[in-house]
Structures are given as C-alpha cells and as structure tokens.
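> Given the coordinates of chain A, assemble chain B onto it according to the supplied hints.
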Amino acid sequence: MRSEIGASMMQNRKSPVAWLQAAPMMLVFTLFFLLPLVFVTIVSAWDYNEYEMIPAFSLRGYTDTFEGCIAGLPDLCTILKTYLKTLKLCLLTWSLTLVIGFTVAYFLAFHVRSKTWQIVLTLLCTIPFWTSNVIRMIAWIPLLGRNGLVNKGLEGAGLIQQPLEWLLFSEFSVVLALVHLFTFFMVVPIFNSMIRIDKRLIEAAYDAGATGWQTLTNIVIPLAKPGIVIGSIFVITIVMGDFVTIGVMGGQQIASAGKIIESRLNALQFPAAAANAVILLGITILIISSLTRIIDIRKEL
Amino acid sequence: MSTFSKMNKSVNRRVVLKGAAGAVGIVAGSGAITGFPYVRSAEPKVLRYLGTAVNEGDEISKKCMEDTGIKIEYITATTDDVTKRVITQPNSFDVLDTEYFSLKKLVPSGNIFALDAKKIKEFDNITPVFTKGQLPNGKKIGAQGTAPWKVLYLEGANSRMFSKTPTEFVTLIPTVYNADTLGIRPDLIKRPITSWTELLNSEFKGNASILNIPSIGIMDAAMVVEASGQHQYEDKGNMTKAEIDLTMKIMTEAKKAGQFRAFWKDFNESVNLMASGETVIQSMWSPAVTKVRSMGIACTFQPLKEGYRSWASGFCVSKAVAGQKLDWAYEFVNWYLSGWAGAYLNRQGYYSAVLSTARANMTADEWAYWMEGKPAVGDIKAPDGTILEKAGARPRRRLLRRSHGRRCLLERGHGRERLHGPQVERVHRRLMPSQDSPHQRMRQVLVR
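Same order as they appear, the protein sequences are chains A and B. Just add 155 to the spot in the first sequence (first one is 1) and you have this note's numbering. Heads up: the second sequence at position 70 corresponds to 57 in this note's numbering, and the numbers run straight through without jumps.
Worth double-checking, as some hints may not be accurate.
Stated by the list, open to error - No more than 20 Å apart at the CA atoms, straight line, and that leaves these computed lysine to any residue pairs for SDA-like:
#1 Lys236/B with Thr233/A
#2 Lys71/B with Leu231/A
#3 Lys292/B with Arg172/B
#4 Lys240/A with Trp368/A
#5 Lys242/B with Ser215/B
#6 Lys236/B with Gln408/A
#7 Lys242/B with Ala214/B
#8 Lys236/B with Cys224/A
#9 Lys192/B with Asn306/A
#10 Lys92/B with Ile200/B
#11 Lys71/B with Ile209/A
#12 Lys91/B with Lys58/B
#13 Lys228/B with Tyr206/A
#14 Lys252/B with Ala64/B
#15 Lys414/A with Asp67/B
#16 Lys243/B with Asp202/A
#17 Lys414/A with Lys242/B
#18 Lys252/B with Asp202/A
#19 Lys71/B with Pro210/A
#20 Lys243/B with Ala410/A
#21 Lys252/B with Pro297/A
#22 Lys236/B with Ile409/A
#23 Lys192/B with Glu240/B
#24 Lys242/B with Ser202/B
#25 Lys50/B with Gln335/B
#26 Lys312/B with Ser79/B
#27 Lys50/B with Gly326/B
#28 Lys242/B with Ser325/A
#29 Lys252/B with Ala262/B
#30 Lys192/B with Glu320/A
#31 Lys236/B with Ser418/A
#32 Lys236/B with Leu231/A
Please keep in mind that the hints were generated in silico from the structure rather than gathered at the bench.
Okay, chain A solo, but in the shape it has when bound (with noise of 0.2 Å):
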C-alpha cells in the first residue's frame, strides 16, 4: 500500500501537470525571492567607495565589517556586540510574545465556547492593526516620556519623586513595543493549531485523573506545538530584521542589524549593505532551521 503510494508520487512528480500547477508560484518565487537573493549575495562581494559600486570581487563588504574583531579581543568589536544585542531583544521579544500569544490564544480556543464569540474576540486582536505600525508605535512616546501620563501618573500617586527615565529610548521601550507590534502574530497559528485539537483528548485526560497542568504539558502544548513555531518563525524573522521600531523607540541609540543595512545603504555602500544582508540571512536561517529541527512543521501539521 505504502509503496503504491510512493510510486504514484513518483509519477505525479514528473508529469508535466504538476509541474505546470506549480509553475506560477514557482514563476513569482524565482523572480521576486530567488533572483534578487542572488543578486544580493553577488553585490555582497564587489567593491565600493565612496558613490558608487565595482564590479570586481572584493571581499571588503565583509573585512569592513568585521573590522577590528580580531585586533580588538578580548574586547568585542561593534558587529558582534551589535548582533549580540540584536538577539537579546528578539530572545526577550520572543519569549514574552509567547507567553502572552500562548495565553491569549488558550483562552479564546478553551474558555471561550461559542464560536461566533471566538471569532468575535479574535477579531477585536486586529483593531490595533487597522492603524499602521508607526502609529501604534509612536503612541507609546507620549506615554511613556518624561514627562508622559505614566511618570506624572506613579508622581501623582507619590509613588516616585523623580520621573523613571528607563520607560523611554531605552531596551524596556524596545521591548515593550516590539511585544506590543507582533504578540498578534503569535496569537494566530497557536489558536488556529489549538482549535484543531480534538476536545475528546482533554476530556480524557480528565477522565483519567489529569491535572490542569499535566494537560496543558501532555496535550495541549505537544500538540500546539506547530503553531508556537509558526508563530516563532514570525516573531523572529520581523525581530532580526527590525531597524524603525528598535531605532524610534530606542531614541536611535540602540543599534540593530537591520540598523547596520540602513546605515550602509545610506551611506552608499550597497556590497557592505549586501554583505550584512546574507550574514543577518545566514543568522536568521541558522535560528529557524534548528527550530524547525526540533520541532519538525511538515510532520506536525
């Protein structure tokens, strides 16, 4: 029986219809993700000065930037700090996210009974999303600053006398926005993984003398597991590349990967710009991909 299977998929896998199926999106995959990445790396090893790129190979997109790594040890050079502060917010973003995803979406697949109610409330996640990113970003600004409705608020209530300067242009601000921007993207594949969870396996638990605990660890979570990483996959690759909402929240004084590309194609150095690109790439792929292997999607779903 397994190997008809097999050997109709073999078949399916060369005849032209399939390939024509998948022609379309392979068409837009190839021109819109596959060739500019192409590109990417090959600029990434051309040389530059100071308005324009040549074309002649030159690894110096990526001597430059790494420059004083070896002569600066024990010290760490800017690239590495730079990174190292990079996935310290994204592990502090992801991990909160999650969290506070996972909760969110525990609640609306198990408390909540009715469906319309799920949709409703699963809606009503979305409203933050009818204004744009910066909007609901800046929105902190006022709250947050020195003078801003939390510091007079906590002096008003005698609590403190100096107004907290750590609320704003500060990593908690990052942090905080950044959970603020993408807990939703979290929400999303965990809910839609829990909601395909049959109730008859919670009601065995039950049945059989499980606690609370013990069904959320035996159950509920091995079988969420598939939407924590889809979620992870979001939260992470939008962490790593993020440069407005670590810059603006960060008062411009925390430096990001995505940082480090915008300054160098400001700067006009578009192979250094490459050059960060395919390392924040391999970073980012080497962090799925060792996700992916611990929990592996195409299985699970």
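Same frame as chain A, now just chain B:
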C-alpha cells in the same frame, strides 16, 4: 421656504465655484498665451524635479508654469534617497534640488551635468559667498566644510574633478541658504548658553540630542569638539581619519555616559523632543524652533560664539538631460533666479542666493521687514497674498514651511516674546556691531 432658500444657496454656490474655476482657467490660459504668442512646441514642456519636500512648493510650480510654460513634476524623497536616486537612476529626473554637501558624492558619479555659467543670466549676481567665498565687501569668509566655491566649478564640461579656480562649468546653481545652531529650552536651563560645548555638558546628561543625519550631524559634533578645545580641525568638512576617530570617540563616550536622550532625524522628531521636555538642548533647525514656540513653549534658536553651521541648496541638472529639455532646464533655473521665487523664499525667512532680483520683486517695506528686521510700514502679505502683518507691526509672525513643504502661518503668543530663527539672528546682528551683514553668519562657514 427655508429648504428652498437653502437649495437656492447651494446652487448659487456651485455656480459661483464653476465660474471661479472657469476664470482660473482663463487666467492660466491667457498667461500661457501671452508667454508664448507665436510658437508653441508640440511637446509639452515638462521637467521632473527631484528633491526633498522642503523646497517643493505648489505656488512656485504654478508661477513657473504661468511665466515660462514649464510644468514642474515634483519627485519627493528624503535626503539620503535623493542622493541614492541620483547615483543609481540618473534617467529618472531632470532637475535636482540638493545641497552642496552631497556634491562630493554626486559629481564623481558622472551623473551631474556641467551647467554653462554663461547661460545663467544672474550668475554674476549670485552672492559672492557662493562663487568666491567672500562677502560682498570683499572680506574672505570661513572655508571649512563643503564650502560652495570649492565644489561649484568643474575642470571641463565632462570632467568629474572640481576646479579650484572659477571656470564656466558649474555644478549646482544656488537658490537658498540659511544657518543652523543649537536650540535650547531657556525655561528649563535658566542660564545663558553661549558655546557649542554645552551640548556635552554633563549638567544636561540625558537631556541632550544631536542631529542623526550623519553628513550634517558630524559637523555639529566637530563644532562641539573644537569649542571644547580638544582639537582644532584644519577643515571639518575634510577630516583626517584620526580626526574622525577622535570625534567619534568623544561622541561615543558621551553617548555611553548617557548624555543623549535620543537622536533625531526628522523635523517633527526634533520638535517633539523639545516640546515634550525630553531634551533641553539639541541641534536644531530654525523652523523647528518656531514650531515649538507656536505651541506656547519657550525655545530659543541660540546664537553661539563659535558661529553657526550654515547650509545652502540649489539646482543641478541630470547628465541624461539633452536637447530641448536642456534648454528648458536652463530656462527654469534662470526663471528661478529672476526674482519672483527669491522674493518668495525671502518672505519665508530664508535667504535667496540672488538678493538683487529678489529685492526687485519685494516692496521696500517688505525688504526692510524680512531682511532688515524693521517694523512694517504697510501691510505685509504672505506669498499667497493673505495679510500676514498689519502696518506698523514689528516682525513677530512668520510664515514657515513644515518638513513636508506644507506652509503654515504661525502667530507668536504675544509681541513681547523674543524673536527667533533668522529674525533672532537679524536682531542679534543689529545689536552686535561686528555682525553687519546677512552673510556674516558665514564667518564660521560649515556648509553642510
């Protein structure tokens, strides 16, 4: 009955609007006809104008259409993107509105056309600050930074090399200039600020900010370093690697010590930082100071003893422009310098590069009011014709441009308040005998 009269009214309004539209059409049409009574080229005269939003006003393009028949199509981008576009897509624009500091990147790319100085009618009347690096009275001014006269001339028509001496091949025709300095919150600082060093004074720890457009911000940083006596630059616009390292080291240390609250890149960011009290001292542009003041918050565009960081912008033409289009480009630049636009810019608190023609397009009263800071004799009108200031008023209101070219009329709360921006400078100049002309602030020229 009332319903009927309402309807009637609305109909009337519509008729009137139609009439008005028709009238505008006639006026525009007749303008075009008188402009070109005999031959009209088959091709419509269109120039693609690439620049930041700051100088792209609808009134200017409208008036240009009226006077020359050239239709200006604005292409708006940020400073960095404008430069990027010139280098990567020289065919995507005809006329470029940019600043002198970007020429060192643009000209070597070979995408800038060398304009023929002889075809620029007012070239000899451009203030010598640009063409020779001296004041009209012959006094030499500071040569640091990308001083215009250093990047104004090319060695030949197809040369990518700047010429040290004047030639007939010109890169960028200046249109407007001004100068920037630190902005402060006098109500929170409560003491006089006189030097650039104050930006890094630990007294303002966590309350300072610097401009985050690197090519401009580094100049502010260098002003601070030099003012603090840590280093004397030969030329802030052409630093040695050691000088760059030193400047960045000092700035990095300050940043790590928490001197800066945030960096700003955008006009509105600088306004918000200052207005919300996040910063009390920072690099600032004069219209931004005005905007903070218009919110009823005390803010001063502070003159400093080391001088200002001045800037100037103007027009380049793309290398891809040729034939008839090139003639239109010359016609446009000539029109721009012929006075109307200059007067328009002067009325906004900037300085036109050709002051003589601008002056001819302003009334004596307007000139005295805008350029000399004297009280108005008659009503002062904004470029669009609305009355800006009643007769007898001292300059205390000002028309300014917001970051994206929107104009807005700002009214100071009460006449007693100190003036600001170019007016502060003008008043300041009058108070200080050594500062005798509008060009005097170029004394420490650091053209960005």
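> With reference to the structure, classify each hint as holding or not holding.
Structure-based check of all given hints:
no.	hint	verdict
1	Lys236/B with Thr233/A	holds (13 Å)
2	Lys71/B with Leu231/A	violated (32 Å)
3	Lys292/B with Arg172/B	holds (18 Å)
4	Lys240/A with Trp368/A	violated (34 Å)
5	Lys242/B with Ser215/B	holds (17 Å)
6	Lys236/B with Gln408/A	holds (15 Å)
7	Lys242/B with Ala214/B	holds (18 Å)
8	Lys236/B with Cys224/A	holds (17 Å)
9	Lys192/B with Asn306/A	holds (19 Å)
10	Lys92/B with Ile200/B	holds (15 Å)
11	Lys71/B with Ile209/A	holds (15 Å)
12	Lys91/B with Lys58/B	violated (30 Å)
13	Lys228/B with Tyr206/A	holds (18 Å)
14	Lys252/B with Ala64/B	holds (14 Å)
15	Lys414/A with Asp67/B	holds (15 Å)
16	Lys243/B with Asp202/A	violated (33 Å)
17	Lys414/A with Lys242/B	holds (17 Å)
18	Lys252/B with Asp202/A	violated (29 Å)
19	Lys71/B with Pro210/A	holds (18 Å)
20	Lys243/B with Ala410/A	holds (13 Å)
21	Lys252/B with Pro297/A	holds (18 Å)
22	Lys236/B with Ile409/A	holds (17 Å)
23	Lys192/B with Glu240/B	holds (12 Å)
24	Lys242/B with Ser202/B	holds (18 Å)
25	Lys50/B with Gln335/B	holds (16 Å)
26	Lys312/B with Ser79/B	holds (14 Å)
27	Lys50/B with Gly326/B	holds (12 Å)
28	Lys242/B with Ser325/A	holds (13 Å)
29	Lys252/B with Ala262/B	holds (16 Å)
30	Lys192/B with Glu320/A	holds (11 Å)
31	Lys236/B with Ser418/A	holds (18 Å)
32	Lys236/B with Leu231/A	holds (16 Å)
The structure fails hints 2, 4, 12, 16, 18 (numbered hints given earlier, in ascending order).
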